[in-house]
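*Asks:* Build out the structure end to end from the sequences listed, making use of the hints.
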Amino acid sequence: MPSLVRTAQARAATGRRALIVCSLLALSAGAAHAAPDEEALGRARGYPRGTPQEATAERHKVGSFSALDEIMPSRPVAREGPVWPLAAGEPPPEIRYSFEGQTFTLEDYLQRRRVTSLLIVKDGALRLERYQYERTPQQRFISFSMAKSITSLLVGMALERGLIRSLDDTAQTYAPELQGSAYGAATLRHLLLMGSGVRWTEDYGGRDDVADLWGALFRVHRGGDPTAVLTARRPQDAPPGSRFKYSSGETQVLCHVLHGATRRSVAEITQEWLWKPLGAEADASWLVGWQGIEYCAGGFNATARDYARLGMLLANEGARGGQAVVPRDYLRQATDNALVPAGFRVNEAGPGFGYGYQFWLGGGRVRSYALIGVYGQSITVVPAHGLVIVHTAVWPLSSDEASRRERSALLNGVLQAFGAR
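For reference, each letter of the sequence shown is one residue, going -34 to -1, 1 to 387 in mature numbering (1 follows the signal peptide of the UniProt record, and there is no 0).
Worth double-checking, as some hints may not be accurate.
[To be verified] Here are the computed distance ranges between Cβ atoms for each label pair:
| no. | residue 1 | residue 2 | range |
| --- | --- | --- | --- |
| 1 | Q289 | A23 | 19 to 27 angstroms |
| 2 | D295 | P48 | 25 to 33 angstroms |
| 3 | P103 | D3 | 16 to 24 angstroms |
| 4 | A368 | W256 | 32 to 40 angstroms |
| 5 | H(-2) | D302 | 37 to 45 angstroms |
| 6 | Q104 | R371 | 40 to 48 angstroms |
Calculated from the structure, these hints are not laboratory results. For every residue, glycine included, the Cβ atom is placed at its ideal position computed from N, Cα and C.
*Replies:* Spelled out as structure tokens, the structure:
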């Protein structure tokens, strides 16, 4: 009898594994159609990677954006311990969305926009997983500015551990190399809100402050000292804490703060504080500049599935399996429109959005927020509905307006399909 039970159990386990495999295949099936602009993006050449100077060129975007940590200097963030299961769930309900007077399906969206991966998780179950341009679940996708939100989580964890005493301390309290500069005198709270009021230009035209920072960090197209970019004489354009002004410089200042407060690299604390307790299935990485400081403003790399796990952690208010990873109170302050100060709330930071501690806040009756990076990277989180949407892409422009508006329309369609609108 015991042997028969074991045999039956083995057969049942085999059946369950087969069902899971079939479900996963179904989740990622349906990609027979041609994705947009395949030839221009390098299909005939196997989507080649570029050099650091060529990474954003059309013919190299697909290959580079899924291997940027192999093209540029990087520091690993190793996975460790049990993997957080990401079980295959039922296929999603029919997803439709309205855009420019027409109604489209999710399949239409994938044929119209340059998506490299699209994942939908509902209540911990993977309901959709799609890849285009020959990308795979094993590849690490560059976060670009989604990294800013991860940096914020690390600040919250350093605060909980007592390594940062108060968000009202100044940056130079922990990063003496910023002493005497406008950013050095800014408080951590104002930096998290991108509300220091310090002048910073970021228009992605190639001649702005963020181009100077990128060029100095990685010696691309130009050289220089990246710290000097942050400590340069900068006028005060607005009173501290009065209004939102997007600035990668403010996040990079927080990177210096994390190094100084913890006496460790950002990659090390990400691995110990976040990636290990998250239960990631693959290693991640941070791009790192020649001075040994990570590019916290936009240099994280991870698989799409692990981005989904990060979203699940956030949807669970910072906890995994009842174990707090990110301080719940800090996460609420970072992502709840009702808790951010005046000037940063929805429709105050900008039309239709608010800004928390390095997170973009959505409007509507249900709390939602997002991690967002240029060229189409985003993780959208709706905690009350256990909903996470991961979107990686290779948009034609860093802030491609048509692609951005259609992604917003798709996301609204997903939320409606899952009853989250």
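*Asks:* Name the hints, by number, that the structure is in violation of.
*Replies:* Hints 1, 6 contradicted; others consistent.
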